[in-house]
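As a plain string of letters, each chain reads:
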Amino acid sequence: MKQTPLYDRHVALGARMVPFAGWEMPVQYSGVLAEHRAVRERAGLFDVSHMANFAFAGRDTRGALNGLLTNDISDIAPGETRYGLVCNEAGGILDDVMVSGHAADYLTMVANASNHDKLVAHFAGHLPEGSWQDDTDTLALLALQGPASTAILHDLHLTPTTGDGALPPRGRHCKAVVNDLALHLHHTGYSGELGFELACAAPHAPELWDLLLEAGRPHGLIPTGLGCRDTLRLEAALPLHGHELSETITPLEAGLDRFVDLSGRDYLGADALRHQHEQGVARERIGLVLTERGVPREGHTVLKEGEAIGQVTSGNHAPTLAVGIALALVRAGSTEMDEELAVLIRGRTVAARRCKLPFYRREAGRKRG
Amino acid sequence: MNVPEGIKYTKEHEWCRKEEDGTVTMGITDYAQDSLGDVVYVELPAVGEEYESGSELAEVESTKATAPVYSPVTGKVVAVNELVEQRPERVNESPFDEGWLVRMEMAVPSQYSKLLTAESYRVHLESEEG
Chain A
1 MKQTPLYDRH VALGARMVPF AGWEMPVQYS GVLAEHRAVR ERAGLFDVSH
51 MANFAFAGRD TRGALNGLLT NDISDIAPGE TRYGLVCNEA GGILDDVMVS
101 GHAADYLTMV ANASNHDKLV AHFAGHLPEG SWQDDTDTLA LLALQGPAST
151 AILHDLHLTP TTGDGALPPR GRHCKAVVND LALHLHHTGY SGELGFELAC
201 AAPHAPELWD LLLEAGRPHG LIPTGLGCRD TLRLEAALPL HGHELSETIT
251 PLEAGLDRFV DLSGRDYLGA DALRHQHEQG VARERIGLVL TERGVPREGH
301 TVLKEGEAIG QVTSGNHAPT LAVGIALALV RAGSTEMDEE LAVLIRGRTV
351 AARRCKLPFY RREAGRKRG
Chain B
1 MNVPEGIKYT KEHEWCRKEE DGTVTMGITD YAQDSLGDVV YVELPAVGEE
51 YESGSELAEV ESTKATAPVY SPVTGKVVAV NELVEQRPER VNESPFDEGW
101 LVRMEMAVPS QYSKLLTAES YRVHLESEEG
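Residue numbers (this note's numbering), protein chains in the order written: chain A, 1 to 369; chain B, 1 to 130.
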C-alpha cells in the first residue's frame with residue numbers, strides 16, 4: 001500500500017485511513033457531514049497526492065497526445081487547463097483527465113489514481129519513447145476547496161510568478177511561491193465550489209499543508225477526506241470514473257458531448273464516437289432526486305411505471321440538500337425532465353423524480369469569506 | 001469504544017437490553033456507529049412484524065455504506081424509535097440510549113441469556129480489530 005508524503009499528517013490529525021486505488025488515504029477526519037458542510041460554507045483541504053501525474057515534453061508530443069484525447073488540445077495555451085477523455089478504439093472511456101499547457105512543447109496531466117497503471121501502459125503503447133514521464137511519486141497535490149479559498153490564499157501571502165500576477169481565473173493555472181516554496185496553482189476542483197489545486201514537489205508537501213491549515217484556521221478551514229470529496233462531487237453531478245464513466249460507457253452516453261471532438265480530427269475512438277453520434281446513443285445519464293425517504297446506491301434499478309429502464313451509477317444522501325440523490329444510466333429517451341420515476345432499493349420501490357443537473361450549484365457572486 | 005455493562009451484545013455489533021416488562025430494546029453499538037460514520041438514514045420495521053433471531057430487522061445507512069441490522073432475538077416488534085427516522089444522527093451521538101432502534105417481545109425468553117456479555121463482546125472487538 002502506497003502512502004502520500006502527508007501520511008504522517010493525516011495520522012496525527014486522527015484521520016481514518018482506508019485503502020483506495022493502492023494508496024492509504026484519509027476517508028474522514030471529523031466526519032463526512034461536518035467536512036462536507038465546511039467545504040460548502042467555508043473551506044476544506046484535501047490531500048489528493050494519490051492522483052496520477054504525467055508530463056509530456058518534446059516537439060511532437062502535443063500531436064501524439066492529441067491522438068489519444070477526445071477533446072482537441074492542439075491549441076492549448078500556456079496557463080490553460082482542459083478537461084478531456086482518453087478512450088479506447090470502441091469509444092469506451094479509459095479515464096477522464098485534466099491537461100494543462102505550460103509551453104509549446106510541455107504539457108502535464110492529472111488522472112485518476114485507479115487508472116494510473118492502465119494509462120502508463122496506454123502511453124507506453126501509443127506515445128514516442130522518452131516523450132512522457134510518470135511524476136505521480138515525485139509530486140504532491142493538495143486541493144483547497146470552498147468559498148473562503150481565495151481569502152486563505154491571500155492570507156498565505158501566495159505570490160503568482162507567471163501570468164499577470166493575479167490568482168488564475170477558473171480553468172487556468174500559474175506558477176507561484178509561498179515562503180520560497182515553489183508550487184503550481186490551478187483554479188480547478190472537484191467539489192462544485194470555488195477552489196484551487198496546488199501541486200508541489202513531494203518533499204515540500206508537509207510544509208505547504210501546514211501553512212495552508214494555519215492560514216485557513218481563522219477562515220474555518222479544516223482537513224477534509226475522500227468521503228466528503230465523493231458527496232461533494234455527487235451533489236455537483238461531476239462524473240467519477242468507475243461509476244458514471246467506464247471502458248464500456250462512451251462520453252456521449254455519459255453526457256460529455258462538449259468534450260468530444262466530432263469535427264473529423266483523428267484520435268483513438270473517433271470513428272466509434274462519430275458513428276454513435278450519427279446513430280444516436282442507446283443510453284443516457286440522468287439525475288434523480290428521491291421524493292420518499294431512502295438512500296439510492298450504485299447498482300440499484302431505476303423504474304418507470306414498474307419497468308426497469310436503467311441503473312444508478314452513483315447515489316447517496318446529499319448533505320446540502322438533505323435528500324437522496326442519484327446519477328443513473330438509463331435507456332435514451334425513456335424519460336422526461338421532472339418525470340416521476342422510482343428506484344428499487346433492496347426490494348423496496350422508492351419514488352423519485354428526474355431532475356436537472358447539477359443537483360447543487362453554488363450561488364453566483366456569493367460572498368467569498 | 002464504549003461497551004456498557006449490564007446489557008447483551010451480538011457478534012454483528014447489535015446491543016440488547018432487557019426491560020422491566022420483559023421486552024428487549026435493541027440498537028447498534030458504539031463500535032458499529034463509529035465504523036459506519038455519519039448515519040443519514042434508518043429504515044425500521046413495522047410494529048407487529050415478527051422476526052427470527054439473526055434475520056434482517058432494520059437498515060442503517062451512512063454517507064459511506066449501508067449496514068443491515070440483525071434481530072438479536074426471535075420475537076415481535078412492539079415499538080420502534082421514530083426519533084431516529086427524523087434525526088438519524090442520534091444513532092451516532094447516543095447509540096445506547098436515544099439512538100435505540102427497536103423494542104421486541106421475545107418468543108423464546110431464554111435466548112437473551114445466550115447473547116454475549118459486555119466482557120465477551122469486548123474480547124470479540126479486540127479479535128476483530130486484530
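Hints are computed from structural coordinates only; laboratory data are not their basis. These figures come from a predicted structure and were not determined experimentally. A few of these clues could be false.
Sample of chain B residues with no beta-carbon within 10 Å of chain A, all distances over it, derived [claimed, not checked]:
(1) Thr23
(2) Gly37
(3) Glu43
(4) Thr63
(5) Asp97
(6) Glu129
Not everything, but these chain A residues come out facing chain B in the computed CB check (under 8 Å) [stated by the list, open to error]:
(7) Gly31
(8) Gly294
(9) Val295
Okay, the calculated beta carbon distance ranges per label pair [what the hints assert, rightly or not]:
(10) B:Glu126 x A:Glu298: 31 to 37 Å
(11) B:Gly54 x A:Gly171: 51 to 57 Å
(12) A:Leu357 x B:Tyr112: 32 to 38 Å
(13) B:Gln86 x A:Gly299: 26 to 32 Å
(14) B:Glu93 x A:Pro218: 26 to 32 Å
The beta carbon of each residue, even a glycine, is placed where N, CA and C say it ideally should be.
For each hint, the structure was consulted:
no.	hint	in the structure
1	Thr23	holds (26 Å)
2	Gly37	violated (6 Å)
3	Glu43	violated (8 Å)
4	Thr63	violated (4 Å)
5	Asp97	holds (20 Å)
6	Glu129	holds (13 Å)
7	Gly31	holds (5 Å)
8	Gly294	holds (7 Å)
9	Val295	holds (4 Å)
10	B:Glu126 x A:Glu298: 31 to 37 Å	holds (33 Å)
11	B:Gly54 x A:Gly171: 51 to 57 Å	holds (55 Å)
12	A:Leu357 x B:Tyr112: 32 to 38 Å	violated (51 Å)
13	B:Gln86 x A:Gly299: 26 to 32 Å	holds (28 Å)
14	B:Glu93 x A:Pro218: 26 to 32 Å	holds (28 Å)
Hint compliance for this structure: hints 2, 3, 4, 12 are not met, and every other hint is.
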